[in-house]
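Taken in sequence, the protein lines are chains C and S. Residue 1 is where the first sequence starts when you use my numbering, and the numbers rise one by one after that. Residue 1 is where the second sequence starts when you use my numbering, and the numbers rise one by one after that.
FYI, nobody ran anything at the bench for these hints, they're computed from the structure. Do not rely on the hints blindly, as some may be mistaken.
Just so you know, same-sequence chains aren't split out, so a pair can sit in one copy or run between any two.
Heads up, simulated DSSO-like pairs for lysine-lysine below, C-alpha to C-alpha not over 27 Å straight-line [what the hints assert, rightly or not]:
#  : residue 1 : residue 2
1  : 458       : 399
2  : 383       : 458
3  : 194       : 226
4  : 223       : 251
5  : 399       : 454
6  : 42        : 376
7  : 267       : 227
8  : 227       : 376
9  : 267       : 226
10 : 454       : 251
11 : 226       : 454
12 : 399       : 42
13 : 223       : 267
14 : 42        : 391
All figures in this text were calculated on a predicted structure; none of them were measured in a lab.
Number of protein chains: 2
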Amino acid sequence: MRGFFIGKIGVMTINPLSNKSTNAQVVDAIIEARWIAPVERKQAPLLEYYSIIIQADVIVDVLPTDDAKTRYTSDNVMCLPEHVVIPGLINTHVHAGMSLMRGIADDVTLMPWLEQHIWPAEAALLAADYVQDASLLSCAEMLSGGVTCFNEMYFYPQATAAAVNQAGIRAQLGLTVLEFATHYACDADDYLQKGFDAHDSWRHHTRISSSIAPHAPYTVSDKTFKKIVTYAEQLGLGIHTHLHETRDEIKQSELQYGMRPLQRLQKLGVLNPNLVAAHGVHLLPYEIEVLAEYGCHIAHCPSSNLKLGSGIAPIASLLNRSVNVSLGTDGAASNNRLDMFAEMRLAALLHKGVGEDATIICAQQALEMATINAAKALGLEDKVGSISLGKQADLVAVKLSDAAISPCYDPVSHLVYTCGREHVTHTWVAGVLQYNNGVYANIEPIELKEIIQKWQLKHKPFKH
Amino acid sequence: MRGFFIGKIGVMTINPLSNKSTNAQVVDAIIEARWIAPVERKQAPLLEYYSIIIQADVIVDVLPTDDAKTRYTSDNVMCLPEHVVIPGLINTHVHAGMSLMRGIADDVTLMPWLEQHIWPAEAALLAADYVQDASLLSCAEMLSGGVTCFNEMYFYPQATAAAVNQAGIRAQLGLTVLEFATHYACDADDYLQKGFDAHDSWRHHTRISSSIAPHAPYTVSDKTFKKIVTYAEQLGLGIHTHLHETRDEIKQSELQYGMRPLQRLQKLGVLNPNLVAAHGVHLLPYEIEVLAEYGCHIAHCPSSNLKLGSGIAPIASLLNRSVNVSLGTDGAASNNRLDMFAEMRLAALLHKGVGEDATIICAQQALEMATINAAKALGLEDKVGSISLGKQADLVAVKLSDAAISPCYDPVSHLVYTCGREHVTHTWVAGVLQYNNGVYANIEPIELKEIIQKWQLKHKPFKH
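For reference, chain C alone in the conformation it holds in the complex (with noise of 0.2 Å):
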């Protein structure tokens, strides 16, 4: 792994004046920020004039400019006059195996959409190196919209760990679970046999982590959901699900299995607080108490639900009751953008509309569901998902200067409702600077033009 860190680009400035002190502390970098928005309870929603100090791959301090001056110095400066800084977001369902059929049928139903266009274009192109390059796709456009961590569910999971590796991104992936054949498996043993081995070949890598992925209810039988749930528990796994997406699948549910999913997963013993459940648009009052109760996670996925018509999810009442809920793009196949900012934005407006009231969901809250919410949803929770100290330096820097989003008055506020991914300048994993003002520190700008073009070409776009 390369990085703007370790000599790849100076993008860091050398800076011995502001930082001379005799018995300073030498540290691997310092970010100065005009301000900082930690999403650490123990802290202001707002930090002004603040520093981070990163040892390492970890954040060692945070405290005032003015102090940080004094107390420490760095060879690795890096001054963000007119940014703030913020946890990097965390998407937490996501298929970056998809981006090659970003907009590939656009304007259609769920199920046809899957039936008539998604399976079918995966039947024809389903493959690891299909994968590694829409995932190393997927990672560049994450990256450069300030995520810096995924919760993924797609074939060939070891594809997209190469990606992953490359792009220097963190990534917890599904060991993905279906009982029909494809080309990656043919069922589900097969799918569970390559998981593990996938699994096992990452076991020590620090960004990697896995869950079992069972795709949903509907295409997995209560003997795997079994089986998946002693090898969760046997493995400390989580379990990243779809559930409740659309009204068509509960209804067949009802007919085959003569119970909703949620219920038929409750007395399969799926539910529990390491089950990720991406959606939940269609939950009666008393389901929203039984996931409360077992302490499981939303992913809401607000932009993909409204495309494919699947209906809203009533996340104004899950968060009443205290059910944990992230934010997650779904795939680029249907949102389709993995824009975590235009999420946050759109979760915020969405609820304060069904519901009527604008105090739902506020900016400070849109911006918790994207970061620290996501890393509770992953058990990540002692890692990453706020600035905290000790945890991972993942961040990001978001500048506010432009002319279009100004004035500021609340900078919070402004990264929910005024900005896009489009300011982000500056994007750290494990303290390493992977992405500066459209230049990847792991990733050519050719190589990408080179996967879309082989692909494209490939892939036959649905026509109305």
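With chain C's structure known, arrange chain S on it following the hints.
Then chain S, alone, in the frame of chain C:
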């Protein structure tokens, strides 16, 4: 007025080889585009490798680039090999004079937002220079986001006209009318008189037109509405008002007038095909019939309606009854972006989700709402809103080749679901390139910086 075309910055390339033809007609400008989305019924939704031929401020031909090369020649040939060119976007409800209050009070419901934040701020600072400065900032924001025309409602319209004049954008400026006194005017007659004086001042301006803009049924009396109807008829002007934005204003009307606001406007003769009603969030089925019957236009402002907790307008029902629906951003104090790409995307997504039908508002419809429907609403259909022979050359180029938005299978769909305003590279108004990759023809960055700094210090932001 200066402009890129007439020599300020030489961005148009002279291309003698590709346009050398002895019989070729010399024209002012040629735009060679990879794609054109003309939003013109006589054309396909998407043209590939076509050129737009411009003489002075008018589109004089749209034809395949191969043919254009033999038939036309120009010193100004703009090659856009990775771009889609669209009609300039038209923002049909905005308060450009409010951009200096961007984000001044987020997460607050409409009435307290107005009464406790916006109106006190206006009471403190409202003046012609304030409005001119705020309007110039809005014009800059809109030009950079592909907006070529806006429908304004605010105080001091002559100050906004000065900003419009400088920026080189097109606008329909509301002659705002209220009953209560502000720094701008003391009573309804005073507002009207000042409005007509303003209207006279730009009567022969080619890019500025007027509407009469009674603020809302809850701020304007019956008597004044009647006068406005008469004046509008005499002067051939449209009427622009807020309508049924919140439940509260409807309840208040029922108490005060014994009827809902729409019914009151019907009785007062306000309803006709020259009325642009912003919002229309709360409409009963029979009220949708009334709007359809009278040929009124709804300026749908989805971001603002959600953000203020007003609700979700029944757009699918309005479209089913063939009510003409256009899009608006509303002011920067309630959005907080004057971003028509965000409104197109949100409109297309939101109503799919509400109706649980992914086919509601397809990409082409969303683009029409932001262009030709908007032109119809403003009575400017013969002049702008599509890339058509004889119409004004109000054009926008959007670059589709960035990796983060690739691949692209359908440029129209991409515009709505994938692109953001950050992908706008060029904006022409009346044949003049007013914005080119971050640079304005007639607005200096330092000018905007000074405006922002000057007024930001005078505003007191809201603190939760």
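Which of the listed hints are not met by the structure? 2, 10 and 11
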